[in-house]
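In this text, residue positions in the sequence shown follow this note's numbering: the first is 175, and each later residue adds one.
Some clues are possibly wrong.
To be verified - Derived pair list, reagent style DSBU-like, types lysine-lysine, alpha-carbon separation capped at 30 Å:
#  : residue 1 : residue 2
1  : Lys202    : Lys220
2  : Lys421    : Lys468
3  : Lys258    : Lys186
4  : Lys421    : Lys461
5  : Lys407    : Lys391
6  : Lys447    : Lys468
7  : Lys186    : Lys202
8  : Lys258    : Lys339
9  : Lys293    : Lys258
10 : Lys186    : Lys447
11 : Lys421    : Lys393
12 : Lys468    : Lys407
13 : Lys421    : Lys293
By construction, these hints were calculated from the structure, which means they are not laboratory data.
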Amino acid sequence: MSEIDFLSLDGKSLRTFLVVLEELSVTKAAERLGVTQSAVSHTLDKLRLALGDPLFVRSGRNITATERAISLHIPVRTLLDDMKALTSQRVFDPLMGALEFTIAANDFQRDLIFPSLIKELRSEGVDITFHFIASGIPSTGLLRQDHCQLLITPYPPDGPDIFQKRLFDDDDRCFYDANSREAPTSVADFIAADYIDVTFKDIGLGLKNLFNDNNLKAKVTVPNFSDTAVYLKNSDMLTIQLSLMSKVHLQQFSSVAIPFGGESLTMYMVWHKREHIDPASQWLRQKIEARIAKIIEENRH
Numbered sequence: 175m176s177e178i179d180f181l182s183l184d185g186k187s188l189r190t191f192l193v194v195l196e197e198l199s200v201t202k203a204a205e206r207l208g209v210t211q212s213a214v215s216h217t218l219d220k221l222r223l224a225l226g227d228p229l230f231v232r233s234g235r236n237i238t239a240t241e242r243a244i245s246l247h248i249p250v251r252t253l254l255d256d257m258k259a260l261t262s263q264r265v266f267d268p269l270m271g272a273l274e275f276t277i278a279a280n281d282f283q284r285d286l287i288f289p290s291l292i293k294e295l296r297s298e299g300v301d302i303t304f305h306f307i308a309s310g311i312p313s314t315g316l317l318r319q320d321h322c323q324l325l326i327t328p329y330p331p332d333g334p335d336i337f338q339k340r341l342f343d344d345d346d347r348c349f350y351d352a353n354s355r356e357a358p359t360s361v362a363d364f365i366a367a368d369y370i371d372v373t374f375k376d377i378g379l380g381l382k383n384l385f386n387d388n389n390l391k392a393k394v395t396v397p398n399f400s401d402t403a404v405y406l407k408n409s410d411m412l413t414i415q416l417s418l419m420s421k422v423h424l425q426q427f428s429s430v431a432i433p434f435g436g437e438s439l440t441m442y443m444v445w446h447k448r449e450h451i452d453p454a455s456q457w458l459r460q461k462i463e464a465r466i467a468k469i470i471e472e473n474r475h
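All chains, full assembly: derive it from the sequences and hints.
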């Protein structure tokens, strides 16, 4: 039996193996990696020779990981994390080379922060590419399986390998179309109104208790924050959203304070330990913090 040629292994091949193992689909792995299916298949063929195992076998229309492949999941992930840590002490210059990040966020956080941040970075000459994916109610798998390098959410997943930092706090306000109705001014006005609410996979986003405790009625539920504007325009309905929605999706609408208190929400940046001391990731987190500080300051005036 010939020895395994461990020197033929490389980080990109191991990364491909890990993504295929997590997706159990060459097609989905290729999409996630941004390469062709044939490139993924070619890499798997090289790994099969190097590791002396089929790694993945056909099971109907799908593929199944062998016991050997499953046993390699944690060692390969640890190895890739250690390889990344080798570069953590390098001098980082965002103007030297291209940068690429995948960010998990819902449309409110994404559209609040990143359009102006991207404009700023481009004006500074930074060659940077962003990919955005929806976070919904996020799990640790988004970070552990390297689907993204950074998560922005009010619901940070918890784990010994997960870091988080408070990004900003915001309070609820009631938004309405001033061309279609008067502002609600009393508790009775709020109770009598119909509401537009945002839900992700049938999970209310912080307003469930507010609605139940105050007998408010959500007559329309939508899956994205940006959708609220479509239903609020030319309507006598109301929507209760964070005040910073006035900077993005609800710019054209008026708003008033909520007489029964409303909710306060904290937004967090969340990342995996592999990104914790990575210079590029540290730089991006600092840029995001600086950008949101400017947005909040502008919102006060």
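Exercise for review: Just pull the numbers of the violated hints for me, sorted ascending.
Suggested key: none
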